[in-house]
Structures are given as structure tokens and as C-alpha cells.
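**Q** Chains A and B supply the protein sequences, listed in that same order. Heads up: the first sequence is residues 85 to 236, going by this note's numbering. Heads up: the second sequence is residues 61 to 338, going by this note's numbering.
Note that these hints are calculated values from the structure, not bench results. Just so we're clear, the structure is a prediction, and the values are computed from it rather than from any experiment. Treat the hints with care, since some could be wrong.
[What the hints assert, rightly or not] With a cut-off of at most 25 Å between alpha-carbon atoms, the simulated BS3-like pairs for lysine-lysine come out as follows:
(1) K213(B) with K196(B)
(2) K97(B) with K138(A)
(3) K138(A) with K144(B)
(4) K144(B) with K302(B)
[Stated by the list, open to error] A few chain A residues that face chain B, going by a derived Cβ cut-off under 8 Å, partial list only:
(5) G129
(6) V140
(7) L203
(8) K207
(9) K210
Virtual Cβ for every residue (Gly too), placed ideally from N, Cα, C.
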Amino acid sequence: MKINFLLNKKPVTIDVDPMKRLLDVLREDFQLLGTKESCGEGECGACTVLLDGKPVTSCLVNVIQAEGKEVLTSEGIAEEPLGKLLIDCFDETNAVQCGFCFPGFLVSSYYYLISNGELNLEKIKKALSGNICRCTGYQKIFESVLLACERK
Amino acid sequence: MDFFKPANLEELLLKMQESSENRYLLAGGTDINVQIKNGLIKNAEVIYINHLAALNGIKETETEISIGATTTYFDILHSNLIKKHLPYFQASLDFFASPILQTSATIGGNIANGSPTADVMPLLLVLDADLKLISKSNSRKIPVSDFYFGYKKHVMKPEEIIFKIVIRKNAEEGYQHFYEKVGARKTLTIAKVALAGLKKEKSGKIKEIKLAVGSLNEFARRLPKIEAYLLGKTVTEIDYNKIDELLNLEITPITDLRSDKEYRYHVCANLIRTFLNQ
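Can you build the whole structure from these sequences, using the hints too?
**A** See the structure below:
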């Protein structure tokens with residue numbers, strides 16, 4: 085089935101099994117390797133992308149669900165001013181350890197900045213509660229997002 | 061997988077008329093994709109419904125709020141209509157799944173999937189919600205309490221779909237309310253025990269009480285024996301040994317990877333006590 089969507093602001097068309105996971109389409113068909121697979125069941129957030137501006141776990145999204153919509157991945161966010169700011173803040177705070185969860189945290193943090201952005205630790209914790217870091221670097225991750233909220 | 065994307069509701073209902081042994085409706089995909097990954101769903105016929113406007117959205121009549129089956133938890137949490145009329149319902153949904161699953165997960169999917177731990181069920185049960193089921197030739201409204209009859213078993217005919225969830229606007233008005241989901245963490249957790257409750261008191265006596273539990277039986281259910289026992293009692297008249305005894309008749313907790321039956325039983329009893337004393 086032919087599926088059209090906006091990928092990181094560029095219109096794309098792909099002829100694909102409509103049930104293929106958006107995660108696999110991004111990684112295999114578009115070589116966007118920032119989006120990671122970890123649990124594959126929506127419980128870790130490593131595969132988070134924005135679908136029509138809202139964060140989703142792309143391992144549980146079938147590509148048919150992206151039809152006519154806008155997909156923004158960590159690569160696309162890294163080109164945005166607020167995305168760049170977040171990356172700088174994660175860098176300064178040394179919040180990235182092994183790095184596997186980072187693209188997912190970047191997407192959820194970016195969504196927090198654009199949808200709320202309040203300098204509020206509890207709200208940040210909640211916004212990031214669907215993402216898991218097995219290096220357990222949460223404290224520094226929260227500090228990074230607080231710093232980005234201050235600077236934006 | 062055999063895949064079908066109907067152009068509209070009519071086409072979907074027509075397709076549902078065809079017999080099928082292994083058919084799944086795909087809305088948000090948060091349950092079905094896990095089951096596909098784990099090999100529990102194979103060679104199925106998948107019908108995509110998430111694009112159908114007729115199944116989506118929150119509407120009001122003079123007396124009721126209706127929530128289309130494919131409405132996401134994100135949309136329910138951000139609805140001013142729900143906030144105005146059903147604030148307890150809305151606030152209770154806040155920690156469902158996780159913020160990045162609430163954007164995909166649909167209320168109709170939560171019900172149709174039929175997990176005994178489905179977070180929304182205890183709430184819908186105490187709110188006395190109805191489900192509107194439709195097929196090409198028929199439409200019927202049933203109380204949500206009549207929907208399941210066993211583990212993941214429901215009363216829908218093969219040609220029927222959940223059209224919408226209907227809740228009276230005054231369903232929680234004037235009630236003291238309670239909702240507690242007990243899990244290993246706040247979000248991204250499957251409930252070990254969940255209790256929803258609504259009560260009204262008059263001159264110190266319980267005038268109305270509604271209690272519903274999730275994760276403690278083959279499907280979420282009300283606790284009618286305990287409700288009946290509590291009616292007309294003051295807080296000091298409640299005998300908790302009697303409640304424990306009745307609870308044994310109403311719940312059948314199991315031991316699984318998330319918890320054990322003794323823990324579930326005690327936590328449920330404690331949650332009821334907490335609610336009655338609040």
C-alpha cells in the first residue's frame with residue numbers, strides 16, 4: 085500500500101505493508117537510526133517520535149497510522165532551535181551515559197518544551213515518565229530539562 | 061496479515077457482516093501490536109478504524125456525554141467538556157499507561173481488548189456508563205457491567221463494534237469519589253489492584269455507595285454484596301470483619317508475575333477501608 089506522510093518536514097511516499105511498525109519504517113526504509121528499539125512493547129520510550137506533534141511509541145504505531153500526518157524524529161528535532169538547546173543542556177549536565185535512551189528522552193523533553201515548558205520539576209518528571217533510562221541517570225536528565233526551560 | 065481500510069463507517073459495518081474466525085480492529089494499536097510481537101495474533105484479518113471520524117470525539121447532549129470508541133486518553137484528558145462534567149473521571153485517568161501511550165491508546169480499545177486490568181473499567185462501572193454497540197442492522201445500548209462474562213470474553217456479536225461510551229453528565233455530581241491504582245510505579249504500570257468508588261452520605265449514614273475493582277477477577281466488576289451491606293450504615297457501624305468476609309465472596313485474586321493473591325486481597329480490603337474513612 086502507498087502511504088504518504090511528512091517526515092522531518094519533507095513529504096515522503098512509501099510502498100509498504102501498512103502494518104509495518106513506524107519504528108521499522110524509520111530505521112529500515114529511511115535509515116533514520118536515531119529512533120531505537122528496546123522493549124518493543126511501549127514500556128521504555130526509546131522509540132518515541134512525534135506524530136502530528138504528539139509523542140508516541142513508534143514500536144506500537146503501524147505505518148498506516150502516519151498516513152497524511154507529520155512525523156518528527158530525534159533527527160528532525162536536532163535541527164530545531166529548541167532541540168539544539170536541549171542537546172546542549174544534556175551535554176552540559178552530562179546527562180547522557182550509554183546514550184541508547186537519549187533520542188527518546190530528547191523527543192519527550194522537546195514535546196514538554198513546546199507544549200508546556202514550565203520550570204517545574206514535578207511536571208517534567210511526569211512528562212518524561214514514559215521513558216526509561218537503565219543507566220538510571222534521571223537526576224541529570226531532569227536537571228537538563230530544567231536548564232532548557234530556564235534558557236528557552 | 062490480511063489488511064482492510066474501510067472508506068467510512070458504512071463500509072466497516074458491511075465488512076463486519078462477513079464471517080471471520082480471526083478478525084481484529086486496529087485503532088491505537090497499543091494492545092494489538094504487543095500481541096502481534098509476542099505471536100499471540102497471527103495470520104489475522106486486521107481492519108483499520110482509527111481514521112473513521114464517526115468513531116472519534118467527545119460530544120454532549122442535554123443529559124449525556126458520549127465518547128467515541130477511538131477517542132484517545134490524551135483527548136479525554138484535554139477535553140473541556142469532560143473537565144466540566146466529569147472531573148473525577150478525567151483526573152483519575154491522569155496516570156494511565158504513560159504520557160506517550162495516552163496519545164495512541166483509545167478508550168474503546170481498552171474495553172474491547174478485555175484485559176482484567178484495563179484501567180478505565182472500574183471507573184466506568186461506578187459511573188454506571190453505557191456502551192453503544194452497533195452493527196449494520198442493529199444498534200443497542202448496554203450497561204458497561206453487562207459487557208464481559210469471562211476472561212477476555214464479551215457479549216458483542218461478531219458483526220458488532222463498540223460505537224461509543226455514554227456517561228450521564230451528573231454521574232459523579234454530589235458524590236465523594238475515590239480511585240486508586242496500585243502498581244510497582246506511578247506510570248507505565250499494570251495494576252496489581254484498582255478500586256474506584258463513589259458515595260453519598262446523609263445525616264452521617266451512607267445513602268449511596270458504588271464500588272468497583274479491577275485486576276481481581278476475570279473481568280472488572282462492582283462489589284454488590286459489600287455495597288448492600290454498607291447502605292444505611294454510619295462509619296462507626298461498619299464491621300470490617302464482615303467486609304472481609306463479603307470481599308472473599310466477590311473477588312478471586314490470582315498470583316501472577318505482578319503480585320500474589322494474598323497481597324491483592326489485603327490491599328483491596330485496605331483501599332475500601334481508606335475510602336470509607338475519607
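**Q** Now look at each hint and say whether the structure bears it out.
**A** Each hint, compared with the structure:
no.	hint	verdict
1	K213(B) with K196(B)	22 Å, holds
2	K97(B) with K138(A)	24 Å, holds
3	K138(A) with K144(B)	24 Å, holds
4	K144(B) with K302(B)	38 Å, violated
5	G129	6 Å, holds
6	V140	5 Å, holds
7	L203	18 Å, violated
8	K207	11 Å, violated
9	K210	7 Å, holds
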